[in-house]
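Trainee: Sequence:
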Amino acid sequence: MLDVGAGTGIATRQLLAHGASVTAVEPGRNVLARAAERTPGLRAVLADGAVLPIRDSTVDLICFAQSWHWLDAASRTPEAHRVLVDGGRWAAWWSHARADADAWFNDCWSIVERACPGTHRGQRDIDWGATVGDSSGFDLHDRIAVPWQREVSVDGWITEQASHSHIALLPEPDRLRLLDQLRAVIDEAFPDGTMSVHYETWLWIAVKA
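Counting along the sequence shown from 1, when you hit position 167 you're at 1015 in the working numbering, and nothing is skipped either side.
Hints are supplied without guarantee of correctness; some may be wrong.
Claimed, not checked - Listed next, with one range per pair, are the computed distances between beta-carbon atoms:
hint, residue 1, residue 2, range
1, Arg-1023, Ser-943, 19 to 29 Å
2, Arg-1025, Ser-984, 15 to 25 Å
3, Thr-1049, Thr-967, 16 to 26 Å
Keep in mind that the hints were calculated from the coordinates and are not lab data. Every residue, glycine too, gets a C-beta built ideally from N, C-alpha and C.
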């Protein structure tokens, strides 16, 4: 199987632990090097997931952990279809905080939406399955939503927010101001420094017809 957009190998290692035969595909050379350091014996390919250096009809499962949206929309689906065997599976998943019932969460989103034009919480609801389910050659097999609770430190949460592209690409003064505003909200909501945040992971599975 292929783990496309493998990053530092978080999903790759979990798949390996379950006995899968996995090749990690990642376009970032430095990121892939970190994945190799953390994953002894890793099979890895430096490549764009929308232009795979893989032979036709040789892959049983191709998966995209938090990465489908980064690929070129015109070529990603036919490329996944090309490398899969007949009856092979395409799987994609991503996780988002879904703490919309909490005031702190709404306050944080309001800060982000004001500072980052074009970014809004509705983007969490994009249906990745629709991008392959209506495509020739794939049948959408399943959509699954898994709710879970995440425990994370305030520092860890802020570091994670800073890594998101819509924040990381802001001019430095704007970026620092935004992070300070987020931290003020979070510190007030979680004075002990530990957050408990409701999440959902959405998974889509499609089958090559």
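Trainee: Could you see if the CB distance from Thr-1049 to Thr-967 stays within 16 to 26 Å?
Mentor: 21 Å, holds
Trainee: Given a hint of 19 to 29 Å, does the C-beta separation of Arg-1023 and Ser-943 actually sit inside it?
Mentor: 24 Å, holds
Trainee: Between Arg-1025 and Ser-984, does the beta-carbon spacing fit 15 to 25 Å?
Mentor: This hint is violated: roughly 47 Å between Cβ atoms.
Hint violations for this structure: number 2 only, all remaining hints satisfied.
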